[in-house]
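As given, the protein sequences belong to chains A, B, C and D, one line each in that order. All residue numbers for the first sequence refer to the numbering used here, where the first residue is 72 and numbers rise by one. All residue numbers for the second sequence refer to the numbering used here, where the first residue is 13 and numbers rise by one. All residue numbers for the third sequence refer to the numbering used here, where the first residue is 10 and numbers rise by one. All residue numbers for the fourth sequence refer to the numbering used here, where the first residue is 10 and numbers rise by one.
Don't read these hints as lab results, they were simulated from the structure. Do not rely on the hints blindly, as some may be mistaken.
As the list claims (entries may be wrong) - From the derived model, a few chain D residues whose C-beta atoms are all more than 10 Å from chain B:
{"hint": "1", "residue": "K17"}
{"hint": "2", "residue": "I55"}
{"hint": "3", "residue": "D121"}
{"hint": "4", "residue": "R122"}
{"hint": "5", "residue": "Y124"}
{"hint": "6", "residue": "N158"}
{"hint": "7", "residue": "D179"}
{"hint": "8", "residue": "Q189"}
{"hint": "9", "residue": "C213"}
{"hint": "10", "residue": "Q228"}
{"hint": "11", "residue": "M240"}
{"hint": "12", "residue": "T321"}
{"hint": "13", "residue": "P357"}
To be verified - Here are the in silico distance ranges between beta carbons for each label pair:
{"hint": "14", "chain 1": "D", "residue 1": "I93", "chain 2": "C", "residue 2": "K146", "range": "26 to 32 Å"}
{"hint": "15", "chain 1": "C", "residue 1": "K146", "chain 2": "A", "residue 2": "E179", "range": "21 to 27 Å"}
{"hint": "16", "chain 1": "B", "residue 1": "Q137", "chain 2": "D", "residue 2": "Q214", "range": "31 to 37 Å"}
Beta carbons are placed, not taken as given, at the ideal position from N, Cα and C, and that holds for glycine.
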Amino acid sequence: MKIGVFVCHCGSNIEGTVDTAAVAAAAREFPGVAFATDTMYTCSEPGQEEIVNAIKEHQLDGVVVASCTPRMHEQTFRRTVERAGLNRYLFEMANIREHVSWIGKDREANTNKATELVRMAASKLLHNRPLLSKQFDINKRVLIIGGGVAGIQAALDCAEGGLEVILVEKTTTIGGKMAKLDKTFPTVDCSCCILGPRMVDVAQHPNITLYAYSEIEEVSGYVGNFEVKVKKKATYVDWDKCTGCGICMTKCPSKKATDFFNEGIGKTTAINIPFPQAIPKKAKIDANFCMKLQKGKCGICAKVCPSGCIDFTQQDEFVTEKVGAIVAATGFDLFDWTVYGEYGGGRYPDVITSLQYERMLSASGPTGGHIKRPSDGKEPKNVVFIQCVGSRDKSVGRPYCTGFCCMYTAKQAILTKDHLPEAQTYVFYMDIRATGKNYDEFTRRAMEEYNAKYIRGRVSMIYPKGDSLLVRGADTLMGTQVEVDADLVVLAVGADSSAGAAGLAEKLRISYDSYGFYMEGHPKLKPVETNTAGVYLAGCCQGPKDIPSSVAQGSAAASKVLGLFSKDKLASDPQVSVVDIKRCIGCGKCIKTCPFGAIKEIDFRGMKKAEVIETVCQGCGICTSTCPQGAAQLQHFTDNQILSEVNALCQF
Amino acid sequence: MKYQQELKDSIRKALPGLDVVIAWSAGYDPLHATPHFIRREEDIDRLEIGPFSVHNLATYLPGLRGKKVGIVVKGCDSRSVIELLQENLINREEVTIFGFPCTGVVDQTKIRKALGHTGKVDFCQIASQTVVIGLGGEEHKLRLSKVLADKCFSCQYPNALISDHFVGEKISPSVQTEGDDDLEAFEKMPMDERFAFWQKEMDRCIRCYACRNACPMCVCRDHCLAESRDPHWLSQEDSVRDKWMFQLIHAYHLAGRCTECGECQRACPMDIPLLLLKKKMNKEIKELFQYEAGVDPEATPPLLSFKMEEENINEREW
Amino acid sequence: MPVLKGKELRIVGFLCNWCSYGGADTAGVGRFNQPTDLRIIRVPCSGRIDPLFIMKTLLNGADGVLVSGCHPRDCHYAEGNFYARRRLEVLHRFLPILGIEPGRFEYTWVSASEGQRWQQVVTRFTEQIHKLGPAPKIAGPAASETLRQMEAAL
Amino acid sequence: MAKVQFIKSADVKPWLAELAKEHRVFAPSYDGEALLFRPFDLEQEIILDRAATMPPKKTVFPQSEKLVDFTYSKDPENLSRVKIDARETLPEGSTVVFGSRPCDARGFTMFDRVYLSDKNTDIYYQARRKNTLFITLACRTIENTCFCNWVDSDPCDPTGSDVLAIPMNDGYLLESVSEQGEKLLNSKLLADGSSRKVEADKICQEIAGSINNTKDLSQAPAKLLAVFDNMQFWEEVSAKCLSCGACTYLCPSCYCFNITDETNGMKGKRLRSWDNCMSAQFTMEASGHNPRPTKAHRLKNRVGHKFSYYPTIHGGVISCCGCGRCIKSCPAGIDIREIVLKAIDFEPAAVEE
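When you get a sec, could you build the whole thing from the sequences and use the hints?
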């Protein structure tokens, strides 16, 4: 191999503490090095030209650039050598800026270190091989998991972009958390009025197939070619026939079923359509409460149903969909606030969550939009809001800020005053975080126009006092203890990752943080990508966020999918593992440890062997360090390549 | 051995359905047995089990895939069979396992050490706890417990853990837990002496790879890293570094898979105390993962799995 | 290769590309001064780091080996560092039997944003290695009296 | 006329110390539990009453030896022009091996026919061979694995040795076999031994008389060829073979090697290291094809080579010296004697009409 070495000054960034000319001179003595020079700015246009020219002039077949981190410019220089006709993988970088010149001032030590890094890079390069990517077809359909506002947005954008969309929602209706809200901040728009039309669009769009009351059972395949098994859970109602008339609900004698949609404020019937604008507007029987399913007696709904769609024998059903990309938009759940013993731990009926309060405020909610105390149905006079319940609290393992509670609390304070002009609201807060457009103005309005009393401090205890509650807390601005008589306490409960998020992540082979929120590809630059190609994120599954951000992410994810599908074929990354079939003994250890299911067992002349599915392989190299006989080798990071670096550094 | 006849009868019954049964027979002198491949009825007569049945015959199984193989196993050997099953390197339906209660096997090195040399053994009789060896016309009496292999003292699995035919009465495991004395003693040595120790021991390695080939879990066989150029982990140089490195490869590749049968050390013609490395590895594996290899055919070796929260690994705080 | 005029010791680092290599970059961008001994080998994932690389590096005469990957649960490849954690921990506990100070090998987790932490890790590890001094090198067989005694005991 | 000297047992070590001033001296002593030919050390006990674990093969044929040192250098004007400077590294100095057994010393005569033939001379082997002298100890004990008498040798065979030492009750009778050997016998510690020659000869006769199991192997070359294609025969005899190299590496007459280059940076060396026909890699071709794919093929080669192919081209000399180490150290207890006899006795099944 004829290697060219280019040692970059990076202006004075490197040259300031590294004698680049000396590094280049030393490099001339390294095995395989046929040309070495120092250059002012290697990444600049003339710098790159110099490489191209040197490749041609000296017939180089490998290039080492010693400059900044490969995380910065590896792609740049790979393209450069490719322009000169070399394979892009016959290139190595030595990081002599971030790892040398910027972290020490001893010029002698730096120069020596830089020289050794170049030596390592050149040694590795001697073992590099040209790698070529493969082209493969893509299935231009997209699966969107979760029918909240982010999922709806992604679905509609993709469908509008001409893609076939499969939307899977685990409850019986799309709409998510937003559908449960009464109003939205800071405009105090009716939530259902703005979301409703979008939901209808989903139902009517010819490109969208909606599986409600369904969950993802299994995901296999890879970007461009996923295969997804969807479980359609039994509703005991034939949805092809159900018209959503609701007669069954009026006649159902089992009226103590849990009302999930209304957050447990009140009860509902065993057969149920969650709310009037539900999409799809179909009834479902809650088997836990249905007398027919529990005890075999009743069946009134079947008798009254005009279209005869009740089917007590219905079973879960599975359908398989083939898609090319997946958007996870699985949202969030509320933190289980009952861990807070000081707030009663769930023992006081008049301590409720913010989302329960939303349902109470909603005209279509169980109270018809009247604020009533759950304990006695009376209108409250003093309403106390407590913020940061399960947010910014290390003691309950939730150190992060949910981000939108400050805003909805302000909104709820305003709405309280609208509903009950006599009422007095109090808000216990830590800090007001109102960083969106018109947000700060909105919280000020709550304080100034709606007379919400904001108290900066945490609540230490809630005690029952007569038929009301005594809220004791600190006012840290005044430096005093405060006690407020409350008729109703509303907890601004923070967002937790959605129940089941981890299980789905494992199916999708994406990672999640310690709270269960999905990891984006890069916190700044890849906010909706994941590290699994073809899987994108939208909305609160990635972390708590408000509606506009969720919608923006839905659109962003859709644009990523549309961008991906704008090509007819995809190219696989050739830095994948390859199994040497001659060395493989078929023990399957690689198959067992591959996080991506990218290795399969094949039969080769009657012998078991492993084979890498190169489109699925993500190039982590776990198989390579697992295979005892070195049969599986991650290309570009083979044992011999790493050993050559080790040997360049230490072999006495 | 008490159950020898019963075992022979059992094999005789099964042989028509099998290509071969692997057992032991008398070796080249009264102090040695040798693996015995029974293919025909008449081969059965030469079968002998006893304290010289040292070889772990499970080593032969992966090489006989595709054949119907019977195998006679001691308790410790059965763990290797389990481990091979666990790794899908043998098919359960192809293997017929004959178990017997093992009361321990000898360590030839201990006998040699006790007698000076054992080149000319005329006879050997074992009666209850005494071994009588005729050596160049003289009679030497040794206590059996002086010459049993270390692993037998702390043996927890004297009966085959898995078998299709078990002859004799199952016996209870050893209550002694000694056996790791050598490891404990070694770990009391200062670091530099340990380093020097291995250099000295590895110096006499002749790279014959008997340790590897006798190991039932060294399943790479002809594709071992030791002799490969791609990947090129080792040179062929007679250097302590390369020879030592090989033993580290061996020990690490056995981490969580080694059943401590001791074949590596027994096979070593240079008597290098190789088992010490494996014992250390097993001790750490057991402490970290409460895992013992070769007990459960359904288990996954700990280095091929993980837990998100490891009970015994503290996150490194620096 | 000789280490710089006896000032440096030979310290080799194996870093995953996504977190720790990025963390080392971040430390550079932040101009967080570090000792110059460390030489970094970049690998895609800590799961790629076969513990045998570390043994090989140590037997080849390195004075110290530092491995760093993404924090558990933050692995770019979801599971790589979980495997690495088990394997590296086993190695760490195994080294003493060879007569190699376990402190010559450390593994840790540094994310791409933890530049300052990386500086601390490198500084601390380099200090630790300098305290241990140059690693014993493999020479010919040494037959000290203690060894003979040890042999007799075994 | 051979020089005959006598040395008292107590004078052996001082004599070796004397020899060590001029030569590298190797003598059997324990390294761990292995009895090896190690550099003579006054502190170390020399063990002469039992056969060594390993023959003194390394003294003439090192486990690995550097054949060539090479260095690359570049033309500063044109870095692509690389020169290779290669230097042979021939061994220097002389060596004395004390306490080898007749089989050990005789083993090198098997090497000589190959490495020092009229057509080809291996200069590395030659350099060591001619400068290594063997003071061989006749055997008084015939071990269970010994069979030198089967292969045209005996416990007092001086073939390949420079001095033959016959163990007597109070010392050793030293008889020179070669001229170089004669020169070793000039120490003041030695006394004229002619008077005890008769006694020594009697000892040798007694030893020879104690052997009674000699087998005639003259049919072996032909009989082994006859079973060459009988793979079932070879599969059965090799069934317990583990394919390790213990037998070959401990064999005084196995001389195969491999050559590899190891380069680091601009320097490198060419190594010759022991190789063995029991290993699958031994005959592995670059294409991946292996003409000896199974251990049956490989064990057939080992036995066939020693007892058939070698004798066929080297005047009937069996390339086995009967030391029995392959039997003793085989982890699976394979007995080469058994295989050879089985081949000799093998009667092909009558072909059914």
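Going down the list of hints, with the structure as the test:
no.	hint	result
1	K17	23 Å, holds
2	I55	14 Å, holds
3	D121	22 Å, holds
4	R122	24 Å, holds
5	Y124	19 Å, holds
6	N158	15 Å, holds
7	D179	20 Å, holds
8	Q189	27 Å, holds
9	C213	18 Å, holds
10	Q228	22 Å, holds
11	M240	14 Å, holds
12	T321	28 Å, holds
13	P357	17 Å, holds
14	D:I93 - C:K146: 26 to 32 Å	29 Å, holds
15	C:K146 - A:E179: 21 to 27 Å	25 Å, holds
16	B:Q137 - D:Q214: 31 to 37 Å	34 Å, holds
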